[in-house]
Each structure stands twice: as C-alpha cells, then as structure tokens.
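Engineer: Quick note on numbering: the sequence shown equals residues 1 to 135 in the UniProt record's numbering.
Calculated from the structure, these hints are not laboratory results.
Incorrect hints may appear among the rest.
[Said to hold, decoys possible] Simulated DEER-style distance windows between Cβ atoms: (1) L60 x K106: 13 to 23 Å; (2) K29 x T54: 22 to 32 Å; (3) H32 x K65: 33 to 43 Å; (4) K33 x N111: 40 to 50 Å; (5) K65 x K123: 11 to 21 Å; (6) E115 x S73: 15 to 25 Å; (7) N111 x E21: 43 to 53 Å; (8) N79 x D51: 17 to 27 Å; (9) N79 x E115: 36 to 46 Å.
For each residue, glycine too, the CB sits at the ideal point set by N, CA and C.
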Amino acid sequence: MLFQNYIAASLAVYSPLLSDEENLLTYGKCNHKYGHGHNYKVKVTLKGPVDPKTGMVMNLIDLNKFIEEAIMSVFDHKNIDIDVPYFKHNISTTENVAVYIWNSMKEKVGNLLYEIKVNETDKNVFIYRGELQSN
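Start from the sequences, fold in the hints, and give me the full structure.
Structural biologist: Right under this line is the structure:
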C-alpha cells in the first residue's frame with residue numbers, strides 16, 4: 001500500500017558542529033543564510049496482510065488522518081528549522097526529514113510501516129526503512 005503527497009517547506013541546512021566555511025563547503029547553496037525551499041514528494045509504503053473483513057491493509061480514512069497528523073500539518077508550508085521542534089537539535093537534511101517522518105508514522109501505524117521515500121528533487125531521493133531503530 002503506497003500513499004504519496006507533496007509538501008512545500010523551507011529550511012537552511014546548517015550544522016553547529018561545523019564552521020561557517022565548512023557549512024558552505026558541505027551544504028553549498030542549501031546553506032544560504034536566508035534559507036531555501038523544496039516541494040518534497042513524500043511516499044509512505046505500508047506492508048502487511050489484507051484484512052479479510054475490509055479487503056484493506058489499512059483503512060484509508062485512518063491512513064489519511066495519520067498522514068495529515070504526522071506529515072502534512074507538521075511540514076507543509078512551514079520553515080522546518082523554526083516550526084518543527086525536532087530540527088532545533090537536528091540538521092534539516094532530507095535524510096533527517098525521512099527519519100522524522102518514519103518515527104512519526106511508526107507511532108501511528110506500527111509494524112505496517114515499510115518505507116519512507118522523500119524526493120527532495122527529481123534527482124535527490126532519500127529512502128528510509130527504520131535502519132537506525134533498535135529492534
């Protein structure tokens with residue numbers, strides 16, 4: 001089961017562990033002091049058995065509600081660095097956005113969650129399957 005949506009968000013990628021020069025060398029134009037924006041394409045993939053009573057892996061009404069709570073209301077038309085508390089202490093790379101979405105969706109759908117895919121651009125795609133989790 002795959003759900004896809006788009007979020008528009010702004011950010012300025014910066015690591016407090018690097019000097020200004022190192023930040024610029026590491027993140028390039030994504031390190032602009034006034035920030036920049038992306039129209040991210042986010043895909044949430046669930047994997048599980050089809051419920052014989054409903055014919056679904058998960059009720060789509062519930063899934064849409066969970067997507068709204070865990071992703072859309074958090075990121076869409078927001079400044080990630082300012083509006084999402086997690087990113088006050090984590091660098092706002094797309095890799096970390098994918099990890100954040102994974103953790104938020106995992107709380108909602110549990111073990112049905114299979115994969116989070118975030119397209120930053122058509123060329124830059126980040127996939128996360130919970131590898132950092134200790135299971």
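Engineer: Failing hints, ascending?
Structural biologist: 2, 5, 8, 9
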